[in-house]
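Asker: As a plain string of letters, each chain reads:
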Amino acid sequence: MPKIFGFILVLMTALPAYAIDGTELLKQIDRNLNPESYESYRKLINIEPGGRKKEYTLFTVKKGLDKVAALFLSPASEKGRSTLRLGDNMWLYIPNVGKPIRITSLQSVVGGVFNNSDILQLDYAAEYHVEKVEEKGSEYILHLKAKTRTVAYDRIRLRADKNKKIPTKIECLTEKNLLIKTLYFKEAKDFGEEIIRPSVIETDSPLYKGYKSIMIYAKIKKRSFRDEVFTLTFMPNIESLR
Amino acid sequence: MTEDRGRGSGSGKHQMTVFFSFLWVLCLVFCIQPHVFAEEYTFDISEIEKKPYYLGGYAEVKPVLFWLDKNASLYKMRFYNRDEGSKVEEYDAELQLEGAIEKGISRLYIVTNTQYRDSYLGEDQKTILYEGYLSLKPSVSLTIDLGKKTLKWGKGYAWNPSAFIDRPKDPDDPELSREGFTVASADYIKSFKGPLKTLSFTPVVIPVYNHISTGFGEVNKLNFALKLYLLFYDTDIDFIFLTGGSKTTRYGMDFSRNITTNFEIHGEFAFINDYQKNYIDRDGNNFRKEYNAKSYLLGIRYLTELDTTYIIEYYHDGTGFTSDEMKDYFEFINKGYNSYVSTGGDALLKTALNVTEENYGRINPMRDYLYMRISQKEPFDILYFTPSITGILNIDDGSFSLSPELLYTGITNLELRLKTAFIAGERESEYGEKQNDCRAELRIRYYF
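Quick note, the sequences are listed as chains A and B, same order.
In this text, residue positions in the first sequence follow numbering that gives the first Met the number 0: the first is 0, and each later residue adds one.
In this text, residue positions in the second sequence follow numbering that gives the first Met the number 0: the first is 0, and each later residue adds one.
Hints are computed from structural coordinates only; laboratory data are not their basis.
Any given hint might turn out to be false.
Listing some non-contacts, in silico: residues in chain A with all C-beta distances to chain B over 12 Å [said to hold, decoys possible]:
1) N88
2) K98
3) K131
4) P235
The calculated BS3-like cross-link candidates involving lysine-lysine, where the alpha carbons are at most 25 Å apart (straight line), are [as the list claims (entries may be wrong)]:
5) K62(A) to K192(B)
6) K376(B) to K62(A)
7) K49(B) to K62(A)
8) K220(A) to K49(B)
9) K161(A) to K185(A)
10) K192(B) to K221(A)
11) K52(A) to K26(A)
12) K192(B) to K146(A)
13) K49(B) to K188(A)
14) K218(A) to K196(B)
15) K221(A) to K376(B)
16) K135(A) to K185(A)
17) K220(A) to K26(A)
18) K26(A) to K218(A)
19) K78(A) to K49(B)
20) K192(B) to K26(A)
21) K376(B) to K208(A)
22) K189(B) to K62(A)
Positions of the beta carbon are idealized from the N, C-alpha and C atoms, including for glycine.
Start from the sequences and build out the full structure, keeping to the hints where you can.
Answerer: Encoded structure:
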């Protein structure tokens with residue numbers, strides 16, 4: 000009888016470990032990466048195999064699950080360009096050239112390994128279902144599947160630190176599990192307002208052998224915006240938010 | 000004539016020397032750049048501090064070589080009294096300056112464009128204020144602009160029939176900056192939940208008087224335009240209206256929508272009330288026809304898995320000339336040229352030049368066109384390298400232009416573009432009667 004009782008007790012304590020709510024975990028990871036609404040300053044660096052590099056500085060604003068806009072601050076050739084994402088819709092505005100044009104998530108406004116979807120990243124939980132969660136040592140491995148065909152990657156394998164619930168590595172895959180690119184999350188930094196997250200994201204891709212792209216965060220701050228900020232008409236005016 | 004050619008040739012050699020010296024300096028500067036700046040990447044917060052002013056722009060040089068078609072009507076009209084050989088050189092330089100000052104809710108923004116050209120016609124230089132306006136932003140929902148501004152309406156890539164307040168694009172280079180018009184405009188934006196996500200309302204007043212918005216239309220008129228934009232069921236939709244007297248009243252609409260992440264469709268429609276078309280017959284007699292003109296454009300943008308982008312547009316311009324009207328125009332030029340050869344009198348050719356500048360000389364003067372641009376991003380893993388080819392077909396007469404180009408943007412703030420254009424067509428067709436058979440140019444643009 001004590002053995003049976005002990006077995007039930009073990010089962011009761013063990014059960015929560017197997018009943019990880021993947022969706023809830025992914026939402027926590029999203030929130031630990033960024034506040035739901037924020038402004039940030041980032042630098043993107045593309046590094047060629049020969050060591051030559053090209054840098055871009057961006058001011059980014061995000062609201063809720065599906066609204067994000069970014070303004071190029073440098074280099075001079077890109078200054079004033081802005082990109083807007085509303086769910087699956089993406090636009091690029093180039094000053095002096097024309098009205099905002101629609102762009103696609105798989106293109107890249109900066110060249111290199113980061114595509115538009117990486118640059119205008121929404122919450123992972125907004126775009127992906129959690130198919131499976133594994134535990135391996137000090138990490139969770141989340142197997143994610145795109146909610147719709149319009150999402151940039153069909154599948155994602157996300158490794159996250161168990162304690163901090165912050166990604167350490169993300170592998171972006173095709174429907175048939177072929178690797179498109181890998182994102183490495185590095186150098187955790189305290190940005191204030193309880194935002195502690197990796198400040199450097201490196202990426203490489205078997206499709207771009209020898210090339211590397213890096214995203215460095217200098218500033219992330221909680222901030223609320225009106226919906227009107229995330230409109231085509233406002234795209235030429237994003238600078239006024241700084 | 001001989002003096003012109005002699006001066007042009009000497010000047011050309013000098014320009015060529017200066018140009019190649021400039022190219023060498025650029026190569027030296029940028030080839031050593033990776034070694035000089037090979038330190039670890041850093042991001043200092045001081046890099047993102049906002050300043051109350053901004054000054055930037057670009058400088059470019061562009062040598063161009065034209066191969067002439069001596070049998071073409073437009074060659075005869077422009078070169079009847081000069082012999083420039085089978086090809087002519089041209090050296091273009093451009094400086095575009097942009098500046099802004101911001102204080103509180105107001106921002107003053109200025110763009111000037113200075114162009115220098117050394118061609119067979121001699122040297123020419125002009126500076127134009129492209130934009131210069133005061134922008135007031137009392138809230139994120141409302142912006143008021145006063146001054147000279149480019150509005151950039153419409154969704155087409157090569158043409159914008161519904162852009163009633165913009166100067167026409169050059170479909171051969173649609174991304175070039177353009178001069179604006181003097182306007183007072185406001186943008187009011189409202190966002191919603193549900194299928195209608197955004198609504199914005201843009202009223203515009205366009206005063207057209209002597210020295211204000213010249214080129215827009217009839218002077219001493221106050222014009223009024225409206226644009227209503229909707230993001231409705233993930234589709235961008237604009238409704239456009241213009242009235243006031245400088246141009247006849249016109250109505251337009253456009254749309255753009257992503258069918259999938261890599262496939263976009265767009266279109267424009269314009270209805271122009273009482274459009275007045277001036278044209279000539281083969282004897283040079285002037286005629287005027289008044290009718291309601293309808294123009295429309297339908298286009299797609301498609302990105303393949305291999306990063307090839309296709310832009311295809313069909314354009315019908317209801318204000319354009321028919322094939323017969325263009326044939327009459329070309330025949331009038333030929334008649335003028337024959338008269339010059341037999342009598343030495345160039346009065347008819349001068350008349351032809353006048354009607355060309357006023358009317359027939361617009362970039363695509365006829366009715367039905369097909370545009371196709373194929374660009375391949377970073378082939379063979381060469382980062383920042385984009386080769387592309389652009390074709391414009393005049394459906395009415397079968398003539399066309401084909402422009403391959405190579406673009407490299409791998410050096411920060413430097414853009415190198417090598418572009419050629421081949422044009423072909425029967426006699427009395429639009430491209431067949433252009434003064435050139437072929438053109439090659441190298442554009443070096445540096446942003447600062």
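Asker: State for each hint whether it applies.
Answerer: Evaluated hints:
no., hint, verdict
1, N88, "violated, 6 Å"
2, K98, "violated, 5 Å"
3, K131, "holds, 25 Å"
4, P235, "violated, 9 Å"
5, K62(A) to K192(B), "holds, 14 Å"
6, K376(B) to K62(A), "violated, 31 Å"
7, K49(B) to K62(A), "holds, 22 Å"
8, K220(A) to K49(B), "holds, 16 Å"
9, K161(A) to K185(A), "holds, 15 Å"
10, K192(B) to K221(A), "holds, 23 Å"
11, K52(A) to K26(A), "violated, 34 Å"
12, K192(B) to K146(A), "holds, 21 Å"
13, K49(B) to K188(A), "holds, 23 Å"
14, K218(A) to K196(B), "violated, 30 Å"
15, K221(A) to K376(B), "violated, 36 Å"
16, K135(A) to K185(A), "holds, 19 Å"
17, K220(A) to K26(A), "holds, 19 Å"
18, K26(A) to K218(A), "holds, 22 Å"
19, K78(A) to K49(B), "holds, 13 Å"
20, K192(B) to K26(A), "holds, 23 Å"
21, K376(B) to K208(A), "holds, 16 Å"
22, K189(B) to K62(A), "holds, 16 Å"
Going down the numbered hints, you'll see the structure goes against 1, 2, 4, 6, 11, 14, 15, while the others check out.
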